[in-house]
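**Q** Counting from 1, one number per residue, gives the positions in the sequence shown under UniProt numbering.
A portion of the hints provided could be inaccurate.
Said to hold, decoys possible - Lysine-lysine pairs mimicking BS3-like chemistry, simulated, CA-CA at most 30 angstroms apart:
hint, residue 1, residue 2
1, Lys194, Lys263
2, Lys27, Lys100
3, Lys154, Lys194
4, Lys232, Lys154
5, Lys126, Lys93
6, Lys45, Lys27
7, Lys194, Lys45
8, Lys93, Lys73
9, Lys50, Lys100
10, Lys73, Lys45
11, Lys45, Lys62
12, Lys129, Lys232
13, Lys194, Lys232
14, Lys194, Lys126
15, Lys73, Lys50
16, Lys62, Lys73
17, Lys194, Lys93
18, Lys232, Lys263
19, Lys45, Lys93
20, Lys129, Lys154
21, Lys126, Lys154
22, Lys15, Lys27
23, Lys50, Lys62
24, Lys15, Lys126
25, Lys154, Lys100
26, Lys93, Lys50
Hints are computed from structural coordinates only; laboratory data are not their basis.
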Amino acid sequence: MSHVYQPVMLLELLKSGGEASIEQIAKAMLLHDRSQIEYYEIRTKNMVGKVLTNNGIVDPVKLAGRIVGYRLKDISNMSAEDRSTLIGQCEGKIADYIEKRGDSIWKHRFNAKGYVPGSVRYEVLKQAKYRCELCGASAAEIALHVDHIIPRSKGGQDDLSNFQALCITCNTNKRDTDDADFRDVAKAYAHREKGCVFCEVSADRVIAENELCYAILDGFPVTPLHTLVIPKRHVSDYFDLFQPELNAMRRMLEEMRSDILNKDCSVSGFNVGINAGEAAGQTIFHCHVHLIPRRDGDMPNPRGGVRGVIPRKQSY
């Protein structure tokens, strides 16, 4: 058994005399899906509960200073007939609203271009070490979602570099401020500097790219197949990169490493280096990572590797 879904479906079929509709089975699965319950718990507390409390219709029920439920005001003064009338009015309002709005009511729960495949979800969660990439919560403690960094509605693609792992709380809170936050994020990722050689690199030099970075062969290679991995956003210092850019560049480095090894079986090692600041030798102030293939015998004594940035300190 890889998940609870199989026994839940079998349980529903057994309870239904051997046959059940897809909707019945889906509802049974929903009852066991803690991530969906948490999603609506957050909306109950942060949205619906606040509105009804502010309008004087309900009071929050608290335990140790924490809201654990809500109580309808004046419920003790209502007759059974009053409650029945109000229930009918609520059901009527729901039916009218659904008839008027249709599926658009739930568009925030739909994926614009279909679901995220399980294989993609696995890669994103594995890359994040099964922790929320914002708060660090573990998948063992809370449900993790695979989230688009740049939303589909703002042009974000279904590319591994555009996904991040977020816990249900961080993802829901981010969604609540989506319009405000991601306009600025999208602008930041789109920033280019006029006259920058890496912002204006010619398309024929690009050997690979994803949502947030690209790769080219170095114009003055230290060794054959010396490759640069470069963020698309104009940012001078490695330490100013956003976490999604770091994730995207790491994936690109792994992809380029595999590509180099497939092209040249004599490669037996790599130097991975970043010049951050003029004192460190940076001459193009658009961050870039050097992936330098190494081969046995390409220099008499390679011991010390990147320590060679200060020659007298390389050997030790």
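**Q** All hints are to be evaluated individually against the structure, with a verdict given for each.
**A** Hints, verified against the model:
no.: 1; hint: Lys194 with Lys263; in the structure: 35 angstroms, violated
no.: 2; hint: Lys27 with Lys100; in the structure: 24 angstroms, holds
no.: 3; hint: Lys154 with Lys194; in the structure: 24 angstroms, holds
no.: 4; hint: Lys232 with Lys154; in the structure: 17 angstroms, holds
no.: 5; hint: Lys126 with Lys93; in the structure: 45 angstroms, violated
no.: 6; hint: Lys45 with Lys27; in the structure: 23 angstroms, holds
no.: 7; hint: Lys194 with Lys45; in the structure: 47 angstroms, violated
no.: 8; hint: Lys93 with Lys73; in the structure: 20 angstroms, holds
no.: 9; hint: Lys50 with Lys100; in the structure: 25 angstroms, holds
no.: 10; hint: Lys73 with Lys45; in the structure: 17 angstroms, holds
no.: 11; hint: Lys45 with Lys62; in the structure: 12 angstroms, holds
no.: 12; hint: Lys129 with Lys232; in the structure: 25 angstroms, holds
no.: 13; hint: Lys194 with Lys232; in the structure: 13 angstroms, holds
no.: 14; hint: Lys194 with Lys126; in the structure: 37 angstroms, violated
no.: 15; hint: Lys73 with Lys50; in the structure: 14 angstroms, holds
no.: 16; hint: Lys62 with Lys73; in the structure: 15 angstroms, holds
no.: 17; hint: Lys194 with Lys93; in the structure: 56 angstroms, violated
no.: 18; hint: Lys232 with Lys263; in the structure: 26 angstroms, holds
no.: 19; hint: Lys45 with Lys93; in the structure: 22 angstroms, holds
no.: 20; hint: Lys129 with Lys154; in the structure: 27 angstroms, holds
no.: 21; hint: Lys126 with Lys154; in the structure: 26 angstroms, holds
no.: 22; hint: Lys15 with Lys27; in the structure: 14 angstroms, holds
no.: 23; hint: Lys50 with Lys62; in the structure: 14 angstroms, holds
no.: 24; hint: Lys15 with Lys126; in the structure: 37 angstroms, violated
no.: 25; hint: Lys154 with Lys100; in the structure: 27 angstroms, holds
no.: 26; hint: Lys93 with Lys50; in the structure: 20 angstroms, holds
Hint compliance for this structure: hints 1, 5, 7, 14, 17, 24 are broken, all remaining hints hold.
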